[in-house]
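Peer 1: Sequence:
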Amino acid sequence: MSVQVEQLTKIYGTQKAVDNISFQVKHGDILGFLGPNGAGKSTAMKMITGYISPSAGKVSVSGIDMLKNPQEGQKAIGYLPENNPLYKEMFIKEYLHFVAGVYKLEAKKEAVKRVIEMTGLVVEQHKKIGQLSKGYRQRVGIAQALIHDPKVLILDEPMSGLDPNQLEEIRQLIRELGKDKTVIFSTHIMQEVQAICNRVMIIQNGKIVANDTVNNITQQIHGVQKIVFSMEKPIDINTFKALEIIDSIEQKGNLTYEVTGKDAYQLKKALFRIAVKTDNPILQLQDMGTNLEGIFKQLTHSSK
10 MSVQVEQLTK
20 IYGTQKAVDN
30 ISFQVKHGDI
40 LGFLGPNGAG
50 KSTAMKMITG
60 YISPSAGKVS
70 VSGIDMLKNP
80 QEGQKAIGYL
90 PENNPLYKEM
100 FIKEYLHFVA
110 GVYKLEAKKE
120 AVKRVIEMTG
130 LVVEQHKKIG
140 QLSKGYRQRV
150 GIAQALIHDP
160 KVLILDEPMS
170 GLDPNQLEEI
180 RQLIRELGKD
190 KTVIFSTHIM
200 QEVQAICNRV
210 MIIQNGKIVA
220 NDTVNNITQQ
230 IHGVQKIVFS
240 MEKPIDINTF
250 KALEIIDSIE
260 QKGNLTYEVT
270 GKDAYQLKKA
280 LFRIAVKTDN
290 PILQLQDMGT
300 NLEGIFKQLT
310 HSSK
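Each residue of the sequence shown is one higher than the one before, starting from 10 at the first, in our numbering.
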């Protein structure tokens, strides 16, 4: 396993910030780490990186025990903290050369050039960090995490402050990195998790409440599925009420309706069958849930 966490716990006074969590992340996995503010995400990430020591439990990265040999383990980790601490008076290129020196890289010039190109900083590389927008400062933070070509990337809120174009670029970067690295990143942007991750872990009150693929988590949470659709012509609502797959149907506008049921796939299939049978085309259809955001709300509210 690339990252292995066993019974990890962190206690501050009488509060358990992280409460006996265990999980594994394989090489090539991209794990989205979710949880409300104060759930324990950042604390868990800091313990995995060796930035803080756990009260109990064990962490190994690339087979290295982070408690027994933290410096060796940290060589395999690239870390972007939540607050992204940077030397704002330094120029981007100057700062990355400094970081490469901290890691004692032999080919510093080549490493700096590589991460500047990877993170889209070519145009901005001669600017001072303090002159950059928040989005570009995030890129510098990701660049410093990549400078030593680590096997494991741990990114705390890497999407924070990025505009839509930058989000797409960083999303693509993380996808590419996930091909030969292990990536763990926390975020509050559910769409990014669904677009990038092959695994999702949700933490609440220091405990893991979900840890699986997005599809598996969706299937395990038997919430109400909701679909909003528009037809070309008015429909007979009683036609839909007679279907066992549909729990309810409600008219939301002139030709817009909302149906609910337990199985989104079967709901859609029923709608298309009726549309064909009645020669009444569906003009618009939107699956409203259960999406990851709905699952996140359900799990974090129910475990309080």
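Keep in mind that a hint or two might mislead.
[Said to hold, decoys possible] If you anchor each label on the Cβ, the simulated ranges turn out as follows:
no., residue 1, residue 2, range
1, Gln181, Asn46, 38 to 44 Å
2, His310, Lys286, 37 to 43 Å
3, Gly37, Glu81, 18 to 24 Å
4, Lys113, Lys137, 44 to 50 Å
5, Glu259, Lys97, 24 to 30 Å
6, Asn78, Lys188, 52 to 58 Å
7, Gly170, Glu119, 26 to 32 Å
8, Ile20, Gln293, 27 to 33 Å
9, Ile291, Met10, 53 to 59 Å
10, Ile20, Gln181, 26 to 32 Å
[Unchecked claim] In silico SDA-like pairs for lysine to any residue, Cα to Cα no more than 25 Å straight-line:
no., residue 1, residue 2
11, Lys25, Thr309
12, Lys35, His157
13, Lys160, Asn214
14, Lys97, Gly66
15, Lys113, Lys143
16, Lys97, Gly72
17, Lys242, Asn214
18, Lys117, Arg146
19, Lys286, Thr309
20, Lys25, Asp74
21, Lys160, Lys136
22, Lys235, Leu186
23, Lys136, Gly72
24, Lys25, Lys97
25, Lys143, Asp74
26, Lys277, Met240
27, Lys235, Glu185
28, Lys137, Glu178
29, Lys306, Leu264
30, Lys216, Lys235
31, Lys235, His157
32, Lys102, Arg146
33, Lys250, Thr222
34, Lys67, Gly37
35, Lys250, Asp288
36, Lys306, Lys188
37, Lys306, His197
38, Lys102, Gly129
39, Lys188, Ser257
40, Lys160, Met127
Because the hints were derived from the structure by calculation, they are not lab data.
Keep in mind it's a predicted model, so treat the numbers as computed, not measured.
All C-beta atoms in this analysis are idealised placements derived from N, C-alpha and C, irrespective of residue type, glycine included.
Peer 1: Hint by hint, work out which the structure violates, then give me just those numbers in ascending order.
Peer 2: 1, 4, 5, 6, 8, 9, 10, 13, 14, 15, 16, 17, 19, 21, 22, 23, 24, 25, 27, 29, 30, 31, 33, 36 and 39
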